[in-house]
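*Asks:* So you can see what is in the structure, the chains are spelled out below.
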Amino acid sequence: MTEVSKQLKKGVIEILILSLLSEEKMYGYQLIQELDTRSNGVFRMKEGTLYPVLYRLEDSGYIESFWEQEPDRRSIPRKYYMITDEGTKALGNMKQELETLIYAIRLVLDQ
Amino acid sequence: MKKINRYVNEVLSCIIADSKTKERIRKDLVSQLSEAAHTEDIDSVLARMGDPKEVAREFMDSIYENKGELLNELLSDISEHMKYLKPTYEYKSKTTIFGIPLVHIKLNRYGRPAVAKGIIAIGTVSLGVISLGIMPIGIISVGFMAFGIFALGAMALGLLLALGGLAVGAVAFGGVAMGLGAIGGVCLGKIAIGGVASGTVAIGNEIDGEYMLRISQVTPETSAQAAALIRAAFPELPDWIVDLFSGIVRYLPGS
Chain A
3 MTEVSKQLKK GVIEILILSL LSEEKMYGYQ LIQELDTRSN GVFRMKEGTL YPVLYRLEDS
63 GYIESFWEQE PDRRSIPRKY YMITDEGTKA LGNMKQELET LIYAIRLVLD Q
Chain B
87 MKKINRYVNE VLSCIIADSK TKERIRKDLV SQLSEAAHTE DIDSVLARMG DPKEVAREFM
147 DSIYENKGEL LNELLSDISE HMKYLKPTYE YKSKTTIFGI PLVHIKLNRY GRPAVAKGII
207 AIGTVSLGVI SLGIMPIGII SVGFMAFGIF ALGAMALGLL LALGGLAVGA VAFGGVAMGL
267 GAIGGVCLGK IAIGGVASGT VAIGNEIDGE YMLRISQVTP ETSAQAAALI RAAFPELPDW
327 IVDLFSGIVR YLPGS
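Quick note, the sequences are listed as chains A and B, same order.
As numbered in the numbering used here, residues 3 to 113 make up the first sequence, in order.
As numbered in the numbering used here, residues 87 to 341 make up the second sequence, in order.
Check the hints yourself; a few may be wrong.
For lysine-lysine, the following DSS-like pairs were computed, each having C-alpha atoms within a straight-line distance of at most 27 Å [what the hints assert, rightly or not]:
#1 Lys89/B x Lys106/B
#2 Lys88/B x Lys11/A
#3 Lys11/A x Lys89/B
#4 Lys48/A x Lys178/B
#5 Lys88/B x Lys81/A
#6 Lys48/A x Lys106/B
#7 Lys97/A x Lys8/A
#8 Lys106/B x Lys12/A
#9 Lys139/B x Lys81/A
#10 Lys48/A x Lys108/B
#11 Lys180/B x Lys48/A
#12 Lys113/B x Lys81/A
#13 Lys48/A x Lys89/B
#14 Lys106/B x Lys27/A
#15 Lys106/B x Lys81/A
#16 Lys178/B x Lys27/A
#17 Lys108/B x Lys27/A
#18 Lys11/A x Lys81/A
#19 Lys88/B x Lys113/B
#20 Lys139/B x Lys12/A
#21 Lys8/A x Lys48/A
#22 Lys139/B x Lys8/A
By construction, these hints were calculated from the structure, which means they are not laboratory data.
Turn these sequences into a full structure, and let the hints steer you where they fit.
*Replies:* This is the structure we're talking about:
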């Protein structure tokens with residue numbers, strides 16, 4: 003993966019995570035799998051990349067986390083992340099900004 | 087779970103961050119690895135995750151995003167620091183006896199069993215004439231689960247003498263003691279002396295045996311009574327052994 007590609011991905015990862023969490027609460031492993039599957043492997047994230055992003059979003063108040071033990075599971079509880087109202091608003095703004103950005107990039111590239 | 091905790095500890099040892107962030111990472115990684123281990127063999131999961139140092143590096147890259155200079159500074163500091171925090175600490179004395187080091191110390195920071203072998207051996211598992219550790223094995227063994235000719239530990243198995251919470255030996259002293267001679271809170275042996283004693287000779291408060299001496303109060307005669315009882319049960323027993331056991335009786339608390 004080129005450095006440009008890395009930087010581009012970093013730029014949109016927060017939006018993608020917020021978008022997934024706007025659908026339903028998810029745990030870390032699930033987020034990694036969903037991103038991988040839905041992006042056809044383009045966003046195959048490593049733990050070291052995903053979790054710090056989650057921490058930043060949580061510290062910004064865009065998402066919240068909680069632990070839940072599912073009754074039919076033997077192992078330790080899962081840590082779920084869910085979007086907050088503030089996060090939903092931020093996601094809307096981010097999407098608009100991204101669309102503007104993509105539009106502007108296309109304008110330049112298509113010239 | 088042990089493999090997961092060990093792996094996560096190794097990752098965390100290479101991350102410089104505040105304790106809150108480290109705790110977050112610990113919980114998330116343990117949770118994620120446990121999740122993955124449900125559907126896949128844990129060794130494969132860990133192999134896929136890769137070198138803990140690399141995982142730590144990714145975390146650091148993301149945590150200190152846009153703070154490259156600070157990150158490099160911190161990494162240089164930690165590399166220096168890590169020299170003194172090797173996963174395994176080992177000391178082997180140059181002096182040897184029959185090719186065996188006089189002193190061998192081997193300890194591991196991440197809970198992997200470290201085996202020390204020496205005349206004096208100190209390690210998670212230690213083999214030596216004098217052994218200390220979690221599981222020492224030797225002539226004189228001191229540790230959590232000690233095996234030896236003379237063993238002292240929370241659990242002690244001594245061929246001649248065992249002292250411990252749970253002691254098993256020819257002569258055993260302990261909370262729960264089992265042996266030819268057993269002395270303790272609850273004891274079982276040929277000669278059993280203690281609070282609850284069961285044996286051929288049983289001396290104590292609650293007793294069960296062939297030759298029994300119930301002690302409600304220790305008097306100057308108690309020792310002599312115990313000696314007579316032991317001699318009656320084991321007439322061949324040398325006097326010094328009889329004296330040893332009967333001598334202990336005077337220290338028993340009365341009921």
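*Asks:* Are the hints correct? Go through all of them and say.
*Replies:* Tested hints:
1. Lys89/B x Lys106/B: holds (23 Å)
2. Lys88/B x Lys11/A: violated (35 Å)
3. Lys11/A x Lys89/B: violated (32 Å)
4. Lys48/A x Lys178/B: violated (41 Å)
5. Lys88/B x Lys81/A: It holds: about 20 Å lies between the C-alpha atoms, which stays within 27 Å.
6. Lys48/A x Lys106/B: holds (21 Å)
7. Lys97/A x Lys8/A: holds (20 Å)
8. Lys106/B x Lys12/A: Cα-Cα ~24 Å, so holds.
9. Lys139/B x Lys81/A: It holds: about 24 Å lies between the C-alpha atoms, which stays within 27 Å.
10. Lys48/A x Lys108/B: holds (17 Å)
11. Lys180/B x Lys48/A: Given pair Lys180/B, Lys48/A is violated - Cα atoms ~46 Å apart, limit 27 Å.
12. Lys113/B x Lys81/A: holds (8 Å)
13. Lys48/A x Lys89/B: Roughly 20 Å between the alpha carbons, so the hint for Lys48/A and Lys89/B holds.
14. Lys106/B x Lys27/A: At roughly 23 Å apart (the allowed maximum being 27 Å), Lys27/A and Lys106/B satisfy the hint.
15. Lys106/B x Lys81/A: holds (16 Å)
16. Lys178/B x Lys27/A: violated (54 Å)
17. Lys108/B x Lys27/A: holds (23 Å)
18. Lys11/A x Lys81/A: Within the cut-off at roughly 25 Å; holds.
19. Lys88/B x Lys113/B: Since the Cα atoms of Lys88/B and Lys113/B sit roughly 14 Å apart, the hinted pair holds (cutoff 27 Å).
20. Lys139/B x Lys12/A: At roughly 22 Å apart (the allowed maximum being 27 Å), Lys12/A and Lys139/B satisfy the hint.
21. Lys8/A x Lys48/A: Holds, at roughly 12 Å.
22. Lys139/B x Lys8/A: Roughly 20 Å between the alpha carbons, so the hint for Lys139/B and Lys8/A holds.
When the structure is compared with the earlier hints, violations turn up for hints 2, 3, 4, 11, 16 and for no others.
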